[in-house]
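Protein sequences, first through last, are from chains Z and V.
Start counting the first sequence at 1; every next residue gets the next number (the numbering used here).
Start counting the second sequence at 1; every next residue gets the next number (the numbering used here).
Keep in mind that a hint or two might mislead.
[To be verified] A few chain Z residues that don't get close to chain V, going by computed Cβ distances all over 10 Å:
#1 V128
#2 F152
#3 E177
[To be verified] Each computed DSBU-like pair below joins lysine-lysine, with the alpha-carbon atoms no more than 30 Å apart:
#4 V:K594 - V:K636
#5 Z:K186 - V:K54
#6 Z:K139 - V:K54
#7 Z:K19 - V:K54
[Said to hold, decoys possible] Derived CB-CB ranges, DEER-like:
#8 Z:R125 - V:G136: 13 to 23 Å
#9 Z:E18 - V:D601: 43 to 53 Å
#10 Z:A138 - V:L41: 54 to 64 Å
#11 Z:A15 - V:D7: 57 to 67 Å
#12 Z:V128 - V:A11: 44 to 54 Å
#13 Z:Q77 - V:E181: 19 to 29 Å
#14 V:D717 - Z:A15: 24 to 34 Å
#15 V:K54 - Z:Q77: 32 to 42 Å
#16 V:R646 - Z:E18: 29 to 39 Å
#17 V:R32 - Z:A68: 35 to 45 Å
#18 V:D217 - Z:R125: 49 to 59 Å
#19 V:G136 - Z:E18: 52 to 62 Å
#20 Z:R170 - V:R101: 56 to 66 Å
#21 Z:R125 - V:Y715: 22 to 32 Å
Just so you know, these hints were derived from the structure itself, not from any lab.
For each residue, glycine too, the CB sits at the ideal point set by N, CA and C.
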Amino acid sequence: MGVEAYRLAISSLIAAAEKGQGPAGEQLFAALYSELHRLAKRELARCGFGVTLSSTTLLHEAYLDMAAREGPSFPDQARFMGYAARVMRGLIIDHARERHAQKRGGLFEITSLDADAMEQPVDHRELVQISEALDDLAKAEPALAEIVDLKFFCGFSFGEIAAMRNVSERTVQRSWEKARIYLHRKIRTDLIV
Amino acid sequence: MPTLSPDDWQALSPYLDQALTMTEEQRAEWLRSLANQDRALASRLGALLDEHRKLNQEGFLEKGRVSLPATSGLVGQTLGPYTLVSQIGDGGMGSVWLAERNDGRFERRVAVKFIHIALMGREGEARFKREGNILGKLAHPHIAELVDAGVSTGGQPYLILEYVEGESIDCYCDQRKLDVEARIRLFLDVLVAVAHAHANVIVHRDIKPSNVLVSNDGVVKLLDFGIAKLLEGDGTVAAATMLPGEGGSSMTPEYAAPEQLIGGRITTATDVYALGVLLYVLLTGQHPAGKGVRSAADLVKAIVDDEPMRPSAVVVTAQDAATTSAAATRATTPENLTRQLRGDLDTILAKALKKNPVERYGSVTALVDDLGRYLRNEPILARPDAFSYRASKFVRRNRIAVGLASLAIVAVLAGATGIVIQTRTARRQRDLAFRERDRAGRITDFMTRMFKVSDPSEARGNSVTAREILDKASKDVDTGLAKDPEAQAEMMTVMGKVYASLGLFPRAESLLRQSLEIRRRVLGLEHPDTLKTMRALAATVAQAGRYADGEKISRETLDIERRVLGPEHPETLATMGQLAIDIDMQGRITEAEKLLQQTFDLQRRILGAKHLDTLATMDNMAWILMAEHRFPEAEKMQRDAIDLEREVQGPEHPDTAYAMNRLARILSLENNYPEAEKIQLEALAIQRHILGVEHPNTLRSLTNLGDIQTNAKHYGDAERTFKELHDIQLRALDRNDPNAAATIYNLGCLAALQGRTEEALPLLRNAVDHGLLPQYDLGIAMDDDLKSLHGDPGFAALVAYAQKHAEAQQSK
Chain Z
1 MGVEAYRLAI
11 SSLIAAAEKG
21 QGPAGEQLFA
31 ALYSELHRLA
41 KRELARCGFG
51 VTLSSTTLLH
61 EAYLDMAARE
71 GPSFPDQARF
81 MGYAARVMRG
91 LIIDHARERH
101 AQKRGGLFEI
111 TSLDADAMEQ
121 PVDHRELVQI
131 SEALDDLAKA
141 EPALAEIVDL
151 KFFCGFSFGE
161 IAAMRNVSER
171 TVQRSWEKAR
181 IYLHRKIRTD
191 LIV
Chain V
1 MPTLSPDDWQ
11 ALSPYLDQAL
21 TMTEEQRAEW
31 LRSLANQDRA
41 LASRLGALLD
51 EHRKLNQEGF
61 LEKGRVSLPA
71 TSGLVGQTLG
81 PYTLVSQIGD
91 GGMGSVWLAE
101 RNDGRFERRV
111 AVKFIHIALM
121 GREGEARFKR
131 EGNILGKLAH
141 PHIAELVDAG
151 VSTGGQPYLI
161 LEYVEGESID
171 CYCDQRKLDV
181 EARIRLFLDV
191 LVAVAHAHAN
201 VIVHRDIKPS
211 NVLVSNDGVV
221 KLLDFGIAKL
231 LEGDGTVAAA
241 TMLPGEGGSS
251 MTPEYAAPEQ
261 LIGGRITTAT
271 DVYALGVLLY
281 VLLTGQHPAG
291 KGVRSAADLV
301 KAIVDDEPMR
311 PSAVVVTAQD
321 AATTSAAATR
331 ATTPENLTRQ
341 LRGDLDTILA
351 KALKKNPVER
361 YGSVTALVDD
371 LGRYLRNEPI
381 LARPDAFSYR
391 ASKFVRRNRI
401 AVGLASLAIV
411 AVLAGATGIV
421 IQTRTARRQR
431 DLAFRERDRA
441 GRITDFMTRM
451 FKVSDPSEAR
461 GNSVTAREIL
471 DKASKDVDTG
481 LAKDPEAQAE
491 MMTVMGKVYA
501 SLGLFPRAES
511 LLRQSLEIRR
521 RVLGLEHPDT
531 LKTMRALAAT
541 VAQAGRYADG
551 EKISRETLDI
561 ERRVLGPEHP
571 ETLATMGQLA
581 IDIDMQGRIT
591 EAEKLLQQTF
601 DLQRRILGAK
611 HLDTLATMDN
621 MAWILMAEHR
631 FPEAEKMQRD
641 AIDLEREVQG
651 PEHPDTAYAM
661 NRLARILSLE
671 NNYPEAEKIQ
681 LEALAIQRHI
691 LGVEHPNTLR
701 SLTNLGDIQT
711 NAKHYGDAER
721 TFKELHDIQL
731 RALDRNDPNA
741 AATIYNLGCL
751 AALQGRTEEA
761 LPLLRNAVDH
771 GLLPQYDLGI
781 AMDDDLKSLH
791 GDPGFAALVA
801 YAQKHAEAQQ
811 SK
């Protein structure tokens, strides 16, 4: 059992965050963050050198892991992903920043796209801009921001997101397109200023 | 490019939604017509949509790799004779890996510690070397041994340490349910290791459970001298020698001493403090800064400013599941744990946890000595003064709670003045009778709300207090409301029902009988309220197992109802149903079946086949058929009832799920366990979905599931089910909830069934101590599941203990 004081189930934090209990949101973020971080490390330790781990897999693993640990009170996968996607974004950006600061390449990578795409990694400054614009968008239309987190940062397809939210794929795509207009406009504007 | 303010976006957003659903041509057309109404709007939208087209072509945000670079993936790397196997830890200072010897000479696993990449550099390296030096000096059976140190081919310095296969000391103690004394003895080994370090002028500075491992054979090993410090000549560590980021980030704030957090001088007393925290956690299951998730800043404040609560007070004041389980993992009850902690251990911990380092134990050895005195029952040297401030604060806080509770009772019992005044001012004048009724209703609502806390089917929160209120209120109800017999009788009925739902039938019955007497006197024999109390009394007496008495009351009620309400009144029919159960339970099954059939026919005709009362009767008929061991008929009746239930209330209704529970039970009695389990799981899924995981009915289904699995001899599954159930109960119910106690009892049975006697007895004892209902207490001796324990002296003692417990409960 150990110390009770500093551990709280993710499910309780989600419940508290949904009830709008102020600090719960931050605690939830922090808890999910360290959880995902831990899992990423674990997975990579297991898989070894130079592997590529998709963030989608990571999130699925995280869900299964936590749901198994916390039992039936754990929220369903769709609800969970809504929170976790935002956290994943934080994780990716922090690491991009860190990498930039260290000026050295990592030995493994987590990617949100097919590994065979082999495109250039997105510049960390651009990621930070996207993230800031997303935070902005989240204030106006949180649902749109969540779709960008799920799609861009976590690599879920329109189909998967649609299934999660029980809406049509077309609806998800429209939300995505709309969000993208916002983000693009916001980023360009910021560059000018 | 024009900026897009939040207001702009708000205004444009709905139009964008619309536009994005259209094809290119539709969109152009739509924009043109929009321009006729609002040119500015149309042109802004046009610009955004152009942008959209471009973004589509570019594939904005659809290309590019978003990636997570990380520090290391070292699996498979070799360091001299060792190969890295997996990462086992990642601290602020670096990462720790499990490695194996690869030269095949002998099998040895070691832990390899690398310094964190960000800490590389002159200082980091220097520090790392220091840890090597420190450990090199410390050869002690309770300190993890330094095997080797070196620099990898990649230029990374590393330490190779003894690999301790074990778990952190707190988990070790909890999993083995070590009692207080065993915990202290284990902790003494930690102290000896730290004392050895201190003798070598080394302060550990990061003592916490994860740095104190206990190997599988019970040997304590102190690890991680990563931030350890060599003491300066004057016996302190100058704060100025700390590395950047060392103060807050690399150390564990929960175990940090105040002086570490405020940048004070680090001495051996710093370790004494951390050891105090560790012992506090081991003994109470809680951190001295109290419970609850908090920010690091709050934690720091608590450590620096707040006096910790007395360990013994932690156990009594935290009235929750965690405390009960904390006690259980210490092989005792909260009450006993409190008793053990009170006095010397409170005092010893207070001294170790003093804010001011000079007031703490002067050395670890002094702490060892005092704990030794405690174990030998000798007077300890520490003086009990430390917790007075916090204790008085607690009493003050508690007094308010006590006061509030008394006030509520007074308000209700002293004629409910407050409520009456409110009624008068808030409502227009109405005739007296109506107002009286209104008031009674209010009192009832109020009381019911208060008592529901303690009703096991509603349980949440603090049952002890609610029970106390109930007990006090029921004692005072005779006198307190004597001037208002009608309100008094109403409250007695409510309280009687609550006592009945708590399984405290004698108390329930006495209240209901008093209420009935008053109502008969004041309202008359035939008043609807009088009949209501009679029905409650009949049900209670039956629940208490006195079916003959229950039958008498039911018959009496039925006579009046037939006369006053008519033979076909729904209430009359409901009483017929109750009577049938009374008769059935006395073994006159044919008679019961006949009466129930009659009830069923009447209900079908008068209320309709799909009326809820009719469906309830079908359930009861299935029950009777089951009791007669006419399982196929029972199964059919129950299946029909379920079909109707599905049709009337829907497939996802609680009643449907309840009826499915019954079916699962019948199937289980038919030894058709696979199907029983399947139906039970279906019912459970419905309940989880619509009622939630913590709802009493959901929990009941989980109990049934565990029961079915036990009957099917799938003991492993059953154990998992009951453990899951118990976890939920710990969270959702009061700590002495009879249902939770029943689950512990069931786990005890499962341990017994699998021959784990030494585990079964404490579980059963634990169940008795935590609210097991008297009928279970008295049934222990006859429980077939516990046969394997017969003949064990511990079992005989338990039976006697439970008997006493049951008697005490019933005489209350």
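Requested in this report: Hints the structure violates: just list their numbers, smallest first.
Outcome: 2, 3, 7, 8, 10, 11, 12, 13, 17 and 21
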